[in-house]
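Enquirer: Sequence:
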Amino acid sequence: MASDYYDILGVSKGASDDEIKKAYRKMAHKHHPDKTGGDEKKFKEINEAYQVLSDKAKRQQYDQFGKNFDQGGFSGQGQGAGGFDFSGFDFGQGAGGFEFGGTDFEDIFSNVFGGGRSRKQKRGQDIQVDVEIDFSEMVSGAKRKINLYKSAVCDKCDGSGGEPGSSIKTCSTCRGAGQVQKNTRSFFGSFSQVITCPDCLGEGKTYEKKCSKCGGDGRIKKEQEIEINIPAGIASGQTISMQGAGEAGGKGARSGDLYILVRVKNHKKFTRQNNDILSTEEISFSLATLGGEIEIETIEGNLILKIPAGTQSGETFRIREKGVPDVHVRGRGNHLVKIIVRIPKKLSREQRRLIEELEKMGE
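Note that numbering that gives the first Met the number 0 has the sequence shown beginning at 0, numbered continuously upward.
It should be emphasised that the hints constitute simulated quantities derived from the structure, not laboratory data. From the three backbone atoms N, C-alpha and C, an ideal C-beta is built for every residue, glycine too. One thing to keep in mind: the hints can contain errors.
Listed next, the in silico EDC-like pairs over lysine to aspartate or glutamate satisfying Cα-Cα at most 16 Å (straight line) [unchecked claim]:
#	residue 1	residue 2
1	K264	E136
2	K144	D129
3	K321	E355
4	K267	D133
5	K208	D198
6	K29	E131
7	K221	E358
8	K20	E47
9	K212	D129
Just the calculated beta-carbon pair ranges, DEER-fashion [said to hold, decoys possible]:
#	residue 1	residue 2	range
10	E226	D275	42 to 52 Å
11	D16	F284	52 to 62 Å
12	G37	S240	23 to 33 Å
13	H327	R351	26 to 36 Å
14	P343	G36	45 to 55 Å
Put together the whole structure using the sequences plus the hints.
Expert: And the structure:
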């Protein structure tokens, strides 16, 4: 996979959350495996990049440590004397002040001065995808199957992180406390810092042997097929949520959610207005004058529409219960047909004579 998540999405490192989201939607739509010319490998790269850059905490760690940011907090990169990490600081202001570039000022001091908190496993990250449906599917409802490359609970250890059959023991590093004390030296002086135990991740216990499939994390990356039920009457731009269908959480934590942004393709003949379907039909001058019947297209097939004598151009006829279903209550909208009277551009001699006769009669 490409080495830089920003390059994958085609954005700069200073891109806003909205710019990242827009870039993701554009790239994911272009390379989706279900589309003609789609690229499954590229789609996986795009999804992985978005899952990191759309999360503020992960993005900050990625900017600081690169793709190995999961281990960044204990890797020793950028450490000064005594092991204190200065890589998040920016000393570019010269004498009289300094900035904490991209690092939470309060969190630094709460950790440095002994205010460390026990680490809880975080809920899995949410995922957002776009799905496109036809106008007719918007009216009737639809099903879609999508493939997501995401974190899932390890099927070998069931998310525990331990090799099946391996015994549980008290963590030898923190002796079951879940935290360890770390003495650090910095420009503030020497401090005693309480941090989450890097071996048991705050649980106070470990398995005798880590799971050989997930390496003890309890999660693995895999491609998963998910079926989406799209309700009838959904509007373009609305979002469907599926709880627990996002990224798997840490050990014992619940999974994130999946959000599906639905986009409805334009129809060559119909448009939607609230729950009504609108269309236009042209009729001849003679039919508008004398009345008659025409065959029209609806979302459920063709039917006959009666045209009363004397119908004016621009008049609208309503066909009940042939519109869009209401997603909140039972029932559906109507089909509204706007009539346009077609005026002939060229007339035969006989046609002209007849119209002139009408004109003489005041018509």
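Enquirer: A separate judgement is required for each hint: does it hold in the structure or not?
Expert: Hints versus structure:
Using a Cα cut-off of 16 Å, the hinted pair K264 and E136 holds, with the two alpha carbons roughly 10 Å apart. Proposed proximity of K144 and D129 is supported: the alpha carbons are some 12 Å apart, at most 16 Å. Annotation: proposed proximity of K321 to E355 is violated, straight-line Cα distance about 42 Å (limit 16 Å). With a C-alpha separation of about 11 Å, the suggested pairing of K267 with D133 holds against the 16 Å cut-off.
Of the supplied pair hints, the one linking K208 and D198 holds, its CA atoms being roughly 12 Å apart against a limit of 16 Å. For the hint linking K29 to E131, the alpha-carbon distance of about 12 Å falls within 16 Å, and the restraint holds. Taken as a hint, the K221 and E358 pair is broken in the structure, with Cα atoms around 78 Å apart against an allowance of 16 Å. A threshold of 16 Å between alpha carbons decides the hint, and for K20 with E47 the separation of about 13 Å falls inside it, so the pair holds.
Between K212 and D129, the direct Cα distance comes to roughly 31 Å. Violation of the 16 Å bound is thereby established for this hinted pair. For E226 and D275, the hinted distance range of 42 to 52 Å is not satisfied, since their beta carbons lie about 31 Å from each other. Between D16 and F284 the CB atoms are about 58 Å apart, so this pair conforms to the stated range of 52 to 62 Å. Taking 23 to 33 Å as the suggested C-beta distance range, the pair G37 and S240 conforms, at roughly 25 Å.
Range check, H327 to R351: Cβ separation about 56 Å, and the 26 to 36 Å hint is violated. Against the hinted window of 45 to 55 Å, the Cβ-Cβ separation of P343 and G36 comes to about 47 Å, which satisfies the hint.
In terms of the numbered hints stated before, the structure departs from hints 3, 7, 9, 10 and 13, listed from lowest to highest.
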